[in-house]
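**Student:** Sequence:
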Amino acid sequence: MTTPRSVALERLAYTLAAPVLAVAPNLYPDSPVNSVVQLAGAAGIGGIILAAKSEETGAGRKILRWAPLVLAAAVDVVAKNTVGWGPYWMDGLLAAGWAAAGLLVLPYSRHARRRHRPALAAPVPQPAPAEAAPEPSPALPDDGADLLTREARMLWERAGMPARTHVVKATRHPGMRHDLTLLLRASEIGRPITGLSPEAVGAAFGVPAADVILADVPLQPGRQGGPGWMEASITPEANVRRRTKPTDAERWVDRVAGPKGGARDSVLVHRTRDDERGVTFYRAKMADSTETPRIDLAKVCRGLGLPEDDSCVFVLIDGSEFLISAFDTPPLSQIFPATRELLTPDAKGLYVCGYTITGQPVKNMVFQHDKNAARHGLILGVSRSGKTQFFAIDMAAMSLAGQVVWLSTVRKDEKTTTLGRYIDRQGSNALWMARSLRAAKALCEIRADMPWPHDGQPHDYKPGDPRCPYRQLNVFADEYMTAAQDSDFGEFIQADGDDLTVTGLKYGIGFNPAGQSPFAHNGFSTEMKDNLRQNSRPTIFNMGSPGATRKAAEGTMENPYDVPTIPARYSRSEGSAIERAMRGEADPENGVSTGGVAVIVLDNGRAVLMRSLYADFDTDLANLFPDEVNRLTDYEIEELTKRGLWFDWNEPVRPGEFWPEPEEGDDGEGKSRRRGGGGGKGGSSKSGRRQEPKVTSPRQALEAIKSLTDA
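Count the sequence shown with my numbering and you get residues 1 to 711, in order.
It is worth saying that the hints were derived from the structure and are not from the lab. Every residue, glycine too, gets a C-beta built ideally from N, C-alpha and C. Fair warning: there could be bad hints in the mix.
[To be verified] Listed next, with one range per pair, are the computed distances between beta-carbon atoms:
hint, residue 1, residue 2, range
1, E651, E276, 17 to 27 Å
2, S35, D146, 52 to 62 Å
3, G464, R580, 54 to 64 Å
4, T503, R580, 21 to 31 Å
5, A298, R643, 51 to 61 Å
6, E308, S593, 47 to 57 Å
7, K245, L147, 42 to 52 Å
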């Protein structure tokens, strides 16, 4: 075998230069030879750096070309800086080692040949026998891929390279034997992947199409992305487990957040269990934070495997987030006794009036601290829904704050009579209500001119100001709807009630009507309802049906927020209704009354479901009220007496009190519009032919139309 001439000459040069590298630094340290060798080494270092930074192919070959110069300079520097020939003739040994490296390692001339031409004695390759050339494989060439990737490529090639794509890499899912993720790339660089379907991927790997998920590949450092790349997740094992034993998040995605779920496009944040309280919380949010949750509670219950029971499952919405609370037993069936500690208002006039389903205290106010004014109140609910119970705790809180309370009802009952012992005044007919409203309206004029002791000038009411010469007055009107429709005194009650809601707050007078409807045709004018809504926290008890309760609550809110549902009774679902029907059995009677459960509309317009505190009328209520009853000042009573408005309001109607006395001889009769008090509805007696009132307003016209009997 003949050695190429260039290689032989290069090896000879290494052999001759080796003694020079060893001798020159020791005999002639200042010889120009040393400088030349060191400059050549510096040039070699620069060449190596440029070759390493170059992005072209053949960088390793270029580095080997410059290596002999760098090593020669290193030997020269070592020999120059050692004493003599160095220990154990190190200078000579280094020079000999450099020459040996040049002889044994491929010399410079061989590394310079780019195409590796065969040596002179290399045998001439014989032509291969004429055989059918194999078709080039469209798969990627062998790039050192692992066994799983190679097997996936074989299956992919066997399927015909679906959608003209290549398998770049296959990754097995942790803990799974058959689940994997494929990284796919289009066969032609720059072409997007089109036409790839889960069916095609499932057919290639022998799995159902439902177990295949296709997703885009995001851009990552060191890897391309975009339409020319795609990721295919093949998860037959995980889907079997997901169908049989899903996690909370998987159950939520599959059964709740899907297109047919009860909370579409939502994401479960976490599930929390409170064993002490017997409740499970599902906190979720919308995938798009700009969306408002629209919850179908029945669908959510079916998706989560919960009983569809309004008494145990509740939803609370806050912006784009919502909370579903599933209780083991009805939470609002618990009784929360009222105590003086809970009912005593704080510096801002707030006291605890009840508790929500989550056990949070709900606060009502006895005055508006932020508006520096008194407060109105609106309490709605059907009979036996808990209105009078709420009256008791509301009046107790006002009394504990040093305020005066009046209570009027259409008919006398045990509870209102009991409350009358702890408040300033109480009466039980429409006439009494009309007189109380008229007196409260007159108090606005009296207090407007009432001087304050510190400067002798009148001022608007300021809650909590010790300089204020009068106490806040709260006028309660139970069954206001019925009283406002009274044939004798309804028009006076409506007119004075409207006026009091508009002008009473600045003079420390709050109006608290209660009834079964907040709408205009039942005595609540638009002005009254707007003022009550803006200056109170409306409380709506059971209105007879969930729809009526929701409508009443929405009528007291500026915006139609979701209103919680109050069922007629709390009852747990026992067994299957279908099985009981097939056996002919009666449904179980296990209802619990929802009396005392109410929807309270807070200042931000959000409706909250709560259970109000319970005041037991069978026991002494003195522990809830202060020891002394708060009353008007002597000055106010004196001014009301001067106006003829302060007396026993249970007396019959006085001559000229509400209507002017007719002159003798009118219609040939000396009849008056005055009606006797103390009997019948509103404390009036119906006798004689009534003179029809003069119509001067739309409300009076409506009442006149209602009174027609021959229409």
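**Student:** Hint by hint, say whether it matches the structure.
**Tutor:** These are the hints, each one checked on the structure:
no. : hint                    : result
1   : E651 x E276: 17 to 27 Å : 58 Å, violated
2   : S35 x D146: 52 to 62 Å  : 54 Å, holds
3   : G464 x R580: 54 to 64 Å : 60 Å, holds
4   : T503 x R580: 21 to 31 Å : 60 Å, violated
5   : A298 x R643: 51 to 61 Å : 59 Å, holds
6   : E308 x S593: 47 to 57 Å : 21 Å, violated
7   : K245 x L147: 42 to 52 Å : 31 Å, violated
Hints 1, 4, 6 and 7 from the earlier list are contradicted by this structure; the remaining hints agree with it.
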